[in-house]
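J.: The residues making up each chain are set out below.
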Amino acid sequence: MLEAQNLAARRGCSQLFSGLSFRVAAGEVLVVTGANGTGKTTLLRTLAGLTAPSEGEIRWNGKLQLPFAPELRRALAFAGHAPALKDELTAEENLSLLVELAGGRAGRASIRAALDAVALGRRRALPARVLSQGQRRRIGLAKLRLIERRLWILDEPVTALDAAGAALLANLVAVHLAGGGVAVAATHAPLGLPEERMRALALP
Amino acid sequence: MAFNWYKYASPAAFYPLAGRLVPWFSWAAAILAVLGLAVGLGIAPTDFQQGDAYRIIYIHVPAAWMSMFIYLVMAFWGALALGFNTRLSAMLAQSLAPTGALMTFIALWTGALWGRPTWGTYWAWDARMTSELILLFLYLGVIALRNAVEDPRRADRACSVLSLVGAVNVPIIYFSVQWWNTLHQGASVSLTAAPRMATIMLSGMLIMALAAWCYTIAVSLHRVRSIILERERGGAWVGALPEVCSG
Amino acid sequence: MRRPRDAPAASRGPWGAARPMLAGEGAAAPVAVDEEGGAIWPAIRWALCRDLRIALRSRAELGVQLLFYVIVVTLFPLATTPERQLLMTMGPGVLWVAALLASLLSLPRLFAGDFADGTLEQIVLSPHPLPALVGGKILAHWLTTGLPVVLLAPALGLQYALPADALLVLALALLIGTPTLSLLGAIGAALTLGLRAGGSLLALLVLPLYIPVLIFGAGSVDIWRAGLAISGNLSLLGAGLLLAVVGAPFAAAAAVRIAMD
Numbered sequence: 001m002l003e004a005q006n007l008a009a010r011r012g013c014s015q016l017f018s019g020l021s022f023r024v025a026a027g028e029v030l031v032v033t034g035a036n037g038t039g040k041t042t043l044l045r046t047l048a049g050l051t052a053p054s055e056g057e058i059r060w061n062g063k064l065q066l067p068f069a070p071e072l073r074r075a076l077a078f079a080g081h082a083p084a085l086k087d088e089l090t091a092e093e094n095l096s097l098l099v100e101l102a103g104g105r106a107g108r109a110s111i112r113a114a115l116d117a118v119a120l121g122r123r124r125a126l127p128a129r130v131l132s133q134g135q136r137r138r139i140g141l142a143k144l145r146l147i148e149r150r151l152w153i154l155d156e157p158v159t160a161l162d163a164a165g166a167a168l169l170a171n172l173v174a175v176h177l178a179g180g181g182v183a184v185a186a187t188h189a190p191l192g193l194p195e196e197r198m199r200a201l202a203l204p
Numbered sequence: 001m002a003f004n005w006y007k008y009a010s011p012a013a014f015y016p017l018a019g020r021l022v023p024w025f026s027w028a029a030a031i032l033a034v035l036g037l038a039v040g041l042g043i044a045p046t047d048f049q050q051g052d053a054y055r056i057i058y059i060h061v062p063a064a065w066m067s068m069f070i071y072l073v074m075a076f077w078g079a080l081a082l083g084f085n086t087r088l089s090a091m092l093a094q095s096l097a098p099t100g101a102l103m104t105f106i107a108l109w110t111g112a113l114w115g116r117p118t119w120g121t122y123w124a125w126d127a128r129m130t131s132e133l134i135l136l137f138l139y140l141g142v143i144a145l146r147n148a149v150e151d152p153r154r155a156d157r158a159c160s161v162l163s164l165v166g167a168v169n170v171p172i173i174y175f176s177v178q179w180w181n182t183l184h185q186g187a188s189v190s191l192t193a194a195p196r197m198a199t200i201m202l203s204g205m206l207i208m209a210l211a212a213w214c215y216t217i218a219v220s221l222h223r224v225r226s227i228i229l230e231r232e233r234g235g236a237w238v239g240a241l242p243e244v245c246s247g
Numbered sequence: 001m002r003r004p005r006d007a008p009a010a011s012r013g014p015w016g017a018a019r020p021m022l023a024g025e026g027a028a029a030p031v032a033v034d035e036e037g038g039a040i041w042p043a044i045r046w047a048l049c050r051d052l053r054i055a056l057r058s059r060a061e062l063g064v065q066l067l068f069y070v071i072v073v074t075l076f077p078l079a080t081t082p083e084r085q086l087l088m089t090m091g092p093g094v095l096w097v098a099a100l101l102a103s104l105l106s107l108p109r110l111f112a113g114d115f116a117d118g119t120l121e122q123i124v125l126s127p128h129p130l131p132a133l134v135g136g137k138i139l140a141h142w143l144t145t146g147l148p149v150v151l152l153a154p155a156l157g158l159q160y161a162l163p164a165d166a167l168l169v170l171a172l173a174l175l176i177g178t179p180t181l182s183l184l185g186a187i188g189a190a191l192t193l194g195l196r197a198g199g200s201l202l203a204l205l206v207l208p209l210y211i212p213v214l215i216f217g218a219g220s221v222d223i224w225r226a227g228l229a230i231s232g233n234l235s236l237l238g239a240g241l242l243l244a245v246v247g248a249p250f251a252a253a254a255a256v257r258i259a260m261d
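Protein chains in written order, with the working numbering: chain A, 1 to 204; chain B, 1 to 247; chain C, 1 to 261.
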């Protein structure tokens, strides 16, 4: 369960948001919406522990988490703006590296099956440089599928995904929530999830 | 100040305290400087070997001492800022850097001016002057990093890391330059060896060192007040200050 | 502490509850096995192998850096004199300074690429210890920039009329000194990550720290030629390297986290 109390963040001199408090229980997704520049990305990065809030506390399973706390890092899967791929490496190599980096271990069969499941099976040996933005995003989806993490923090995950890709993402999130996971997503797209699983947070 | 430290750990509380302290340290610096210069320029005897030109060490040596001391203090405040995530420690470190660089600069210039009449050359690549020059680069690096990073909090922490790394390296650098110097000059007399210290000369230098210390504190406190105003300008207490309220 | 591995066939999450099947999964769903991050050597190996693989796929860039080294070394006699005696005196110093400059040139790439494509965020959020990951990257950096300099320098030393034994001492000193340059430089690269004047600021920050390595490294050859024992010098270089190995990854990791702010 993820809990935030009285979160506030500043960027330079401007106060992005303040006094944010919310709670996301197991099986729920917090959907963060707001206009550009209202601090959605900053909020997500703060929840992930990349940056410290100027005020407030973040608690994961009841325990206070400081930035880069090991417990949070072990439980977290974070998808930022840029799909974390190296242009020079193939899709297969990239996925394998991402899974290992997250502390997982996947054999070649698993990697290939994961890429097949996101419709990248035939492109797995291509360098990431030649893949489209949507295809790069799908590698991120494959990674989410492979590593089991309790907390997902997704920043604009639907960007560049086509309808099939968005459906894949919605499916992934649904399965994650059904398994007791927690998710926070900054997105405008409908995730097709039942109302009781969704909590909304609109940044002013 | 052994009493309630924590009360003054917030910039809002420290600001008025610093304001009250600045005049005391300024006067102390002025009085000590006059006293020290009187001793150094007037009372202390003319040196047997170097004549009156040696008297510049009453500025050179205290400046050199302060330049090294300030770096250590700056690194100390930086360590506090990193460890306890306090804003004021970082602001104090930020306020010390320019004064430290100034002291280093003064030490280098006075050292050069001392070298000219005494040994015929402005710059002789001896160990202490070379180390002083490298220390100047370290200071300028911290100042440059502070200016290059836009987010003040990131700048605080980056400069803290840098000054800590620098502080660890300063003795190593000094040692290596010393080694380099003896390697190439043999076991000859160090060019900036101060003349044999009569007690009165030592007292003169100590008084000047105290004066430099008071000056540093006064200037840093004054500077940190400006820094506090700039960085805390969103706070309500800043708007209520008489010097900020225009009307 | 390692979690016991889950059998791949059972689609159970690590926390025990049965995981519902994803659309498209068969009965024997291939599930990645999770181990808790925290071990040092796997982290170093991950970073080292990855960075080496990436570097080898952009070999041209490495070649350019080496060429820079060669050109800088060639500039000094052109600027001063081809007279043998003077060149022999200058030689070790020039070869060392050029090694420093070559190191500076390649340092921004250490973190900038990962920073730009978002990989650095994942690295920083990884359960693996960040100093180990950073250490692996630094090792890869040295292997691709420092080690080639060590191998090339004796050949270039011939341009400076240095005798063979001096060249050997030079190579040995560079072998011990260049990793220290990579380690110290990584701190500077992390501190200046993403800044506008990155390259020149990096030089300003890192060159003073390089000076002891320069003095002891270039001084080794002078001592050797004077007929004195170099063991003291090389020991000091080695001690510096040890200090850097122990301290620099942590300082660089702290600086990377600061840059992620």
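No lab work stands behind these hints: they were computed from the structure. If you're wondering where the values come from, they're calculated on a predicted model, not measured in any experiment. Backbone N, C-alpha and C define an ideal beta-carbon position, used for all residues, glycine too. Misleading hints may appear alongside valid ones.
For each label pair, taking beta carbons as the anchor points, the in silico distance ranges come out as [as the list claims (entries may be wrong)]:
# : chain 1 : residue 1 : chain 2 : residue 2 : range
1 : B       : PHE105    : A       : HIS188    : 23 to 29 Å
2 : C       : ILE40     : B       : ALA13     : 29 to 35 Å
3 : A       : PRO70     : B       : ALA240    : 41 to 47 Å
4 : A       : ARG197    : B       : GLY234    : 34 to 40 Å
5 : C       : LEU86     : A       : PRO70     : 18 to 24 Å
6 : C       : LEU75     : B       : TRP27     : 52 to 58 Å
Which stretches of chain A does chain C cover? Using the computed rule of at least three CB atoms under 8 Å from a CB of chain C, they are [unchecked claim]:
#  : region
7  : 27-39
8  : 46-52
9  : 66-80
10 : 100-110
J.: Sort out which numbered hints this structure fails and list those numbers smallest first.
T.: Of the numbered hints given earlier, those the structure breaks are 1, 2, 5, 7, listed in rising order.
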